[in-house]
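Make the full structure from the sequences, and use the hints.
So the protein sequences, as listed, match chains A and B. Our numbering applies: residue 1 is where the first sequence begins, and numbers increase by one. Our numbering applies: residue 1 is where the second sequence begins, and numbers increase by one.
Because the hints were derived from the structure by calculation, they are not lab data. Idealized CB from N, CA, C, for every residue including glycine. Be a bit skeptical, because a hint or two may be false.
[Unchecked claim] Partial list, computed: chain A residues near chain B (C-beta under 10 Å):
(1) Val4
(2) Cys92
(3) Arg111
[Unchecked claim] Simulated pairs of lysine-lysine, BS3-like, Cα-Cα distance not exceeding 27 Å:
(4) Lys78(A) <-> Lys71(B)
(5) Lys57(A) <-> Lys42(B)
(6) Lys68(B) <-> Lys83(A)
(7) Lys57(A) <-> Lys104(B)
(8) Lys83(A) <-> Lys42(A)
(9) Lys104(B) <-> Lys56(B)
(10) Lys42(B) <-> Lys68(B)
[Stated by the list, open to error] Over 12 Å on every C-beta distance to chain B, these chain A residues come out as not near it, computed from the model:
(11) Met15
(12) Glu18
(13) Arg22
(14) Gly72
(15) Ile79
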Amino acid sequence: EPEVTQTPSHQVTQMGQEVILRCVPISNHLYFYWYRQILGQKVEFLVSFYNNEISEKSEIFDDQFSVERPDGSNFTLKIRSTKLEDSAMYFCASGAGRGLDQPQHFGDGTRLSIL
Amino acid sequence: GESVGLHLPTLSVQEGDNSIINCAYSNSASDYFIWYKQESGKGPQFIIDIRSNMDKRQGQRVTVLLNKTVKHLSLQIAATQPGDSAVYFCAENIGGNNRLAFGKGNQVVVIP
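Following this line, the structure appears as structure tokens:
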């Protein structure tokens, strides 16, 4: 069964450094998402992406965050200058469509630890 | 603000028994709901979904029930197995861009 893959599984970064989280969505999917989950809390929406542009972003997704689909297979999340509170699990998801009956499928996440 | 939430933090169930996980939602405009399972160290795994124009939907060993009158969603797992031990999230679809709002999660522990 096709799946979303994310790399690295764990990223440790010094505060203030830039970090890029990588995702390979399911190959025929057109809609891409990033979510995060702070330890012990619920999964929170960050951003949705379609047709090479952001469709929607949450209040968490400020100017320090950016997303890119640099080629036909990768989807990246960049945090320009990391803060301690950026420490979380970051999940990438993809979906075949935008309508009903088009569930998002998630990767296993990247654990980001900011020191 | 409006949100999705779960009633019980932990459910312990004997192997072979049925499990019921509940979820309350408050956004009456939500038209699509999804149950996800999250095992330790893994991402949310799709289990089953339901549109708001349906009351019930069945999958393999799982059934989702939707009561729009009281804004309540439940997931029933038949003949619970050790592999069902996980955290279960309900999520509602908000808006046309498929933004998902997740509840806090409900831990299911299966006792062999």
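Can you give the numbers of the hints that this structure goes against, from lowest to highest?
-> Of the numbered hints given earlier, those the structure breaks are 4, 6, 10, listed in rising order.
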